[in-house]
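Dock chain B against chain A, hints included.
Protein chains in written order, with the working numbering: chain A, 1 to 94; chain B, 1 to 485.
Treat each hint with caution, since some may be false.
Listed below are the simulated DSSO-like cross-link pairs for lysine-lysine, each with C-alpha atoms no more than 30 Å apart in a straight line [to be verified]:
| id | chain 1 | residue 1 | chain 2 | residue 2 |
| --- | --- | --- | --- | --- |
| 1 | A | K40 | B | K391 |
| 2 | A | K13 | B | K414 |
| 3 | A | K23 | B | K414 |
| 4 | A | K10 | B | K334 |
| 5 | A | K23 | A | K40 |
| 6 | B | K298 | B | K286 |
| 7 | A | K40 | B | K414 |
| 8 | A | K13 | B | K334 |
| 9 | B | K414 | A | K2 |
| 10 | A | K40 | A | K2 |
| 11 | B | K68 | B | K235 |
Keep in mind the hints are simulated off the structure, nothing from the lab. As the structure is a prediction and not an experimental result, all values here were calculated from the model.
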Amino acid sequence: MKISPEEVAKVAKLARLDLAEDKIELFAGQLDDILNYMDKLGELDTSEVEPLYSPVQHTTVLRADEVRKDYTREEVLSNAPEQDGQFFIVPRIV
Amino acid sequence: MSDIHCMTLTEIAAKLQARELSVEYVVQSCLDRIESTEPRVQALLSVQAEEALAQARAMDEAGPDADKPLWGVPLVLKDLLTTKGAPTTCASRILENFVPFYDGTVVERLRNAGAVLLGKANMDEFAMGSSTENSAFQRTTNPWDMDRVPGGSSGGSGATVAACQCYGALGTDTGGSIRTPASFCGIVGLKPTYGRVSRFGMVAYGSSLDQIGPMTRSVEDCARMLQVIAGHDPKDSTSVDVEVPDYLAGLGSGDLSGVKIGMPEEYWGEGLSPEVEKACRAAMAKAEELGATTVPVKLSYTDYAIATYYIIAMAEASSNLSRFDGVRYGYRNKEADELIDMYTRSRTEGFGDEVQRRIIMGTYVLSSGYYDAYYRKAAQVRRLIREDFDKAFTQCDFIAGPVCPTTAFRIGEKADPLQMYLIDIFTISLNLAGLPGMSLPVGLGENSQMPVGLQLMGPAFSEAGMLSVADALERALPPMPVPEM
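Here chain A stands alone, though its shape is the one from the complex (with noise of 0.2 Å):
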């Protein structure tokens, strides 16, 4: 077994997903035969090949440092679940 029903729970946990027993159940079982399958880029010697993370040279776009009003406040929050027309309203933190 690669992947334990405790460790899918704490990776759940880790990517904030709360997840019922059952659920854990089964993606152990999923994952632990996706994992299995995955394991077959084992039988490639790699150490030599530099890794390609994407097919493009990312570049960092520069503009003016111009102030500029793209958007207004209302439209930011328009899709807020929680706002009081001047901040995004979350529950207590501390």
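This is chain B only, laid out in the frame that chain A set:
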């Protein structure tokens, strides 16, 4: 004029420019078609009927604009492209009520070209899937057979075009999500070179793999749509500043003399259904009749592509989807009285099973102790796959193979996630390499009577030549029938 909804985009655009038809008439005809077919096909998540009709009337009043190549043409967008004032749900509960206040770059470009945007197409939730069975809202069916899937994740875009509800649609392709539904639905679908089309305003799944592209009823239509959406965008740092050629210039010759097409043995052998092989081989024989030569090539790492792809895609997805926390937009659980609990409950209730599975998998392969074994290893194999293609393209101009080992399968047939992932065997290598590819319908499978798609793949930025090859083949092959609905 009762059949205008089945015309091609090219035909309807010409009629609109010539004022043979009003925009309102064409838009209304699409809306009527949607009304009559949508209860069965369920391709659309939202229809902006009033807005489209109001726009149509205003356009009729102003008159045609020859500088706008899509003037008055009704189109549909996959529901992960942000559209100002219209819902963008990604087929997920977590974005059920999200209405963006800006247009993505491709949407802006379509609007500037005069297109009328009719609605948003169903998809696998956050583009995760190969059959459109993972939508949180509805199950799209294949217009050719209502018991079968339309392919995914752009299944709604594929089905809406095949059902003649519109003249073209945009999809996105992370591991084959344009080419598979195009193949299953019997239409043309093109995944451009990574960087050719701006991804600004597209909700990201696997950022280094995703690319937006057109889905249409003809190759020429596909070229027309690509012409509008292609090109550099300073708002997207992965967008490449390379000149956009004239994609229509190479169409119509019908001649493939001098074109060398590679046929990888890994794509044409074991595991391929006989009816798919037969239809694809017949299309290749036709290419040879038109003057093309075919050569055997090797893509030795094909067998490793699925493992490589899913590690990278899931890793990127887990990172991209971390923004959905219920703070600024999207679903929020109202009962939590503490912040972390609010994040957790909102995400748990908002994301569907496949999305959760991939987030967990992605978090796992990126976690300390596993990063090198999975993510870094996959990125290394990704380079080998890219080099495999580079080598093959020293021996040929384009590569051809099937899009999918089978025609569209039945709804519910692939219940096991790993079995579903294996469907993508012929499409995902191209996304890893960042190269362009397209699906061209080449007829119906002998047994299933379902569409078969031939896949053409090319070097970076070879879309013009690829469209020219596809156009010659399309003209030489028997016309693709329209599904009876």
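Consistency of the hints with the structure:
1. A/K40 - B/K391: holds (23 Å)
2. A/K13 - B/K414: holds (29 Å)
3. A/K23 - B/K414: The hint holds at about 19 Å.
4. A/K10 - B/K334: Since the Cα atoms of A/K10 and B/K334 sit roughly 25 Å apart, the hinted pair holds (cutoff 30 Å).
5. A/K23 - A/K40: holds (27 Å)
6. B/K298 - B/K286: Holds: B/K298 and B/K286 sit about 22 Å apart, inside 30 Å.
7. A/K40 - B/K414: holds (22 Å)
8. A/K13 - B/K334: holds (20 Å)
9. B/K414 - A/K2: holds (24 Å)
10. A/K40 - A/K2: holds (14 Å)
11. B/K68 - B/K235: Roughly 23 Å separates the two Cα atoms, so the pair holds.
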